[in-house]
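Protein chains: 2
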Amino acid sequence: MHVLKQNIKLTVDAVVFGYENGKVYLLLINRKYEPFKNQWALPGGYVKDDENLEEAVARELKEESGVEINFLEQLYTFGAVDRDPRGRVVSISYYGLVRPDKFQISAATDAKDVKWFPLNEIPQVSFDHERIIESGIIRLRSKIKYEPIGFELLDAKFPFSDLEKLYSALLGEPVDRRNFRKKIKELNVLDELDDTLSTGPGRPARLFKFNKKRFFQLKKEGVHFEL
Amino acid sequence: MHVLKQNIKLTVDAVVFGYENGKVYLLLINRKYEPFKNQWALPGGYVKDDENLEEAVARELKEESGVEINFLEQLYTFGAVDRDPRGRVVSISYYGLVRPDKFQISAATDAKDVKWFPLNEIPQVSFDHERIIESGIIRLRSKIKYEPIGFELLDAKFPFSDLEKLYSALLGEPVDRRNFRKKIKELNVLDELDDTLSTGPGRPARLFKFNKKRFFQLKKEGVHFEL
DNA sequence: TCAAAAGTGTTCTGGATACACCCATGT
DNA sequence: ACATGGGTGTATCCAGAACACTTTTGA
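Line by line, the protein sequences are chains W and S.
Counting from 1, one number per residue, gives the positions in the first sequence under UniProt numbering.
Counting from 1, one number per residue, gives the positions in the second sequence under UniProt numbering.
Among the hints, a few may not be true.
Since the list can't tell identical chains apart, any single copy or any two copies may satisfy a pair.
Subject to a maximum C-alpha distance of 20 Å in a straight line, what follows is the list of computed DMTMM-like cross-link-like pairs (lysine to aspartate or glutamate) [unchecked claim]: (1) Lys165 - Glu55; (2) Lys5 - Glu63; (3) Lys115 - Asp191; (4) Lys115 - Asp162; (5) Lys5 - Asp110; (6) Lys9 - Glu54; (7) Lys220 - Glu134.
None of these hints come from the bench; they were simulated from the model.
Build out the structure end to end from the sequences listed, making use of the hints.
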């Protein structure tokens, strides 16, 4: 069929998770304009004619919230005819994971406010964003079970317990410490350092850092890691 | 950001697999118009303003090839700026599985020819369709390992060996007959009939049919079935 | 009687899970 | 001394993988 007058707008939306101090957060913006003015929504916006989809999400995210992120993975494309009151809008959603403390979030352009919401305190959101968020959570949780993502979320040197907390927070359930250490150690992506870290009472923790080479190699090979 | 003049076209593409007599095929059309005139490509086309994405794929597929299908699952959205010589075109791809013998395929609209290609004899294809096809194959194979799809592809009554052949064809590798029967039987989705089927020499095969209720219930629960 | 396809159980192994006590430090 | 968090090993269980012979028919 030849080109018809197509009047469909294309947007991207970002489900950005943040991890800090054992808690997982979701980034939302408060909309400055109609529709859904003054309501919370995912950061996102129109794709420009000359930018790739990934560039579009990264740009919108940066513009609206100040968050810069390189790991963004495509989630799903939502395109129901009535999902946006402005007309036909198809949205390609992405998700990613960052450290909130690395960014000074600040609302701009379409957003009049930005905020990190703890995963269990997510407010009502606009459009069909609730569904998008839900698929983001499901995907994130299933992903970390077989791919060691999320290592970027820790300090350069970190105690093992930080990694454990990260995983249990992302999964939303406790992990067995001994089994977890066993599995991670088998991956051989951690270098044990001589440093230790002491925070208050308790035995000081051995510090580790990532062996990035091995880590990225594993990622390429598509590790099967089954938490 | 308010609505800018966005000039992006939206298309859908279908990666349709066919299964017949122990072989897996892929449906391609031969393009009637530029670009890539006279070359093979995935069936697909522009989304209309007032139809959902799934409707659009189903419609295009029907129009161009004559194939009707209800199970189509979203695969991925391809949107690189230079993927289509006509300009910016973002394509949402879907994949599905049908029985070729159920359809009289016939080219129309954009297609001047349609054909089922055996999976190992896929010709060069237009655009970035090779990548799309590849993701379709990967997805199909990983999917049937944990979800009992593909049952629609057999006759109402069928010998167990048909199911086995189907799976080994889809996976592209042989499956162990005893282990396979064991696992499928545990799912409890097959009703054993009194009929048998005899085709040439060899012991006649017991016929089975699906217990659809149980089958759809399992599907809902998200069976973990691990072939 | 032979060729062809259907049917059927057991063993082995490896990974996942469950589980509890000692160690080093700060107060 | 005690409270706090760090660190470690073993036993069990289950699911997946491997594997070969008997049965029933057509020719």
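Now the hints, each set against the structure:
In the homo-oligomer, the alpha carbons of Lys165 and Glu55 never lie at most 20 Å apart, since the shortest distance is 32 Å inside one protomer and 44 Å across protomers. In the homo-oligomer, the alpha carbons of Lys5 and Glu63 lie at most 20 Å apart only across protomers (19 Å), although the nearest pairing inside one protomer, at 31 Å, exceeds that limit. Taking the shortest Cα distances, Lys115 and Asp191 never come within 20 Å of each other, neither inside one copy (35 Å) nor across copies (54 Å). For a Cα distance limit of 20 Å, the shortest separation of Lys115 from Asp162 qualifies neither inside one copy, at 24 Å, nor across copies, at 55 Å.
Taking the closest pair of Cα atoms, Lys5 and Asp110 come within 20 Å of each other only across two copies (17 Å); inside a single copy the shortest separation is 28 Å, beyond that limit. Taking identical chains as interchangeable, the C-alpha atoms of Lys9 and Glu54 lie at most 20 Å apart whether they share a chain (17 Å) or sit on different chains (17 Å). For the identical chains of this complex, Lys220 and Glu134 are inter-copy neighbours only, at 17 Å across copies versus 27 Å inside a copy, given an alpha-carbon limit of 20 Å.
Figure legend: structure checked against the earlier numbered hints; hints not met, in rising order: 1, 3, 4.
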